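In the order they appear, the protein sequences are chains A and B.
Mapping to the numbering used here: the first sequence position 73 is 252, numbers consecutive.
Mapping to the numbering used here: the second sequence position 58 is 100, numbers consecutive.
Rather than coming from a laboratory, the hints here were simulated on the basis of the structure.
Just so it is clear, the structure is predicted and the values come from calculations on it, not from any experiment.
Cβ coordinates follow ideal geometry from the N, Cα and C atoms, glycine included.
Errors might be hidden in some of the hints.
[To be verified] List of simulated lysine-lysine pairs, DSBU-like, C-alpha gap at most 35 Å: (1) Lys257(A) - Lys78(B); (2) Lys203(A) - Lys140(B); (3) Lys140(B) - Lys257(A); (4) Lys247(A) - Lys140(B); (5) Lys203(A) - Lys247(A).
[Said to hold, decoys possible] Computed far set for chain B versus chain A, every beta-carbon distance over 12 Å: (6) Leu52; (7) Ser53; (8) Ser59; (9) Asn63; (10) Thr67; (11) Asp68; (12) Leu103; (13) Leu106; (14) Lys109; (15) Lys110; (16) Ser115; (17) Gln122; (18) Gly124; (19) Ser126; (20) Leu149.
For reference, the chains in residue letters:
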Amino acid sequence: DAGVIQSPRHEVTEMGQEVTLRCKPISGHDYLFWYRQTMMRGLELLIYFNNNVPIDDSGMPEDRFSAKMPNASFSTLKIQPSEPRDSAVYFCASSLRTATLYEQYFGPGTRLTVT
Amino acid sequence: GEDVEQSLFLSVREGDSSVINCTYTDSSSTYLYWYKQEPGAGLQLLTYIFSNMDMKQDQRLTVLLNKKDKHLSLRIADTQTGDSAIYFCAERLTGGFKTIFGAGTRLFVKA
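Bound conformation, chain A alone:
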């Protein structure tokens, strides 16, 4: 398996623009997580899905952020409008409920810079 795939790897955009980050989880995994990593806040869980259904979105910072999972192999995280404080590395991770360790497999991340 290719692992968790994220695109783009780098995104530079201007304040006010819409940004869409994409994730393809490992085939067969039934949990998908979106995280944000910054120097100030470390790794924050934004939202997670089980079988394409959002379970906990309490980490989503505000209404400008939205996430969807239209099918088992694709998820998006959208920021509209983007602000400079959204600059961070965004990670997607997937997991399998029946796996013994409940290990999360992370993608390589998308580095977002909002100017």
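Let chain A serve as the given structure and place chain B on it in line with the hints.
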């Protein structure tokens, strides 16, 4: 609330042992993990320990768990420059599928 705390930086000399410490809050956590993040990459599971264990050894890695103090540590013996990375402590909360990560400890290994 749920929280995992760890120091932000650790610097050691090559060949020495590294000890990274972590404290967590959920006393009923069943799994505790150490993830490693190399530059430009995502996190990857390094090792883990079940809550009914006190110690787990895996080659150069030793994990110690003190449930009374809710303290977890990772010891890396004979630290190499390739061990330079960010190490995240994490706990899986009971009753759900949520894993709480610490902020990460950046390990610098000096040659």
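Against the structure, the hints come out as follows:
no. : hint                  : result
1   : Lys257(A) - Lys78(B)  : holds (27 Å)
2   : Lys203(A) - Lys140(B) : holds (20 Å)
3   : Lys140(B) - Lys257(A) : holds (22 Å)
4   : Lys247(A) - Lys140(B) : holds (18 Å)
5   : Lys203(A) - Lys247(A) : holds (12 Å)
6   : Leu52                 : holds (15 Å)
7   : Ser53                 : holds (18 Å)
8   : Ser59                 : holds (25 Å)
9   : Asn63                 : holds (16 Å)
10  : Thr67                 : holds (15 Å)
11  : Asp68                 : holds (14 Å)
12  : Leu103                : holds (15 Å)
13  : Leu106                : holds (19 Å)
14  : Lys109                : holds (19 Å)
15  : Lys110                : holds (24 Å)
16  : Ser115                : holds (19 Å)
17  : Gln122                : holds (23 Å)
18  : Gly124                : holds (19 Å)
19  : Ser126                : holds (17 Å)
20  : Leu149                : holds (15 Å)
Figure legend: structure checked against the earlier numbered hints; every hint is met.
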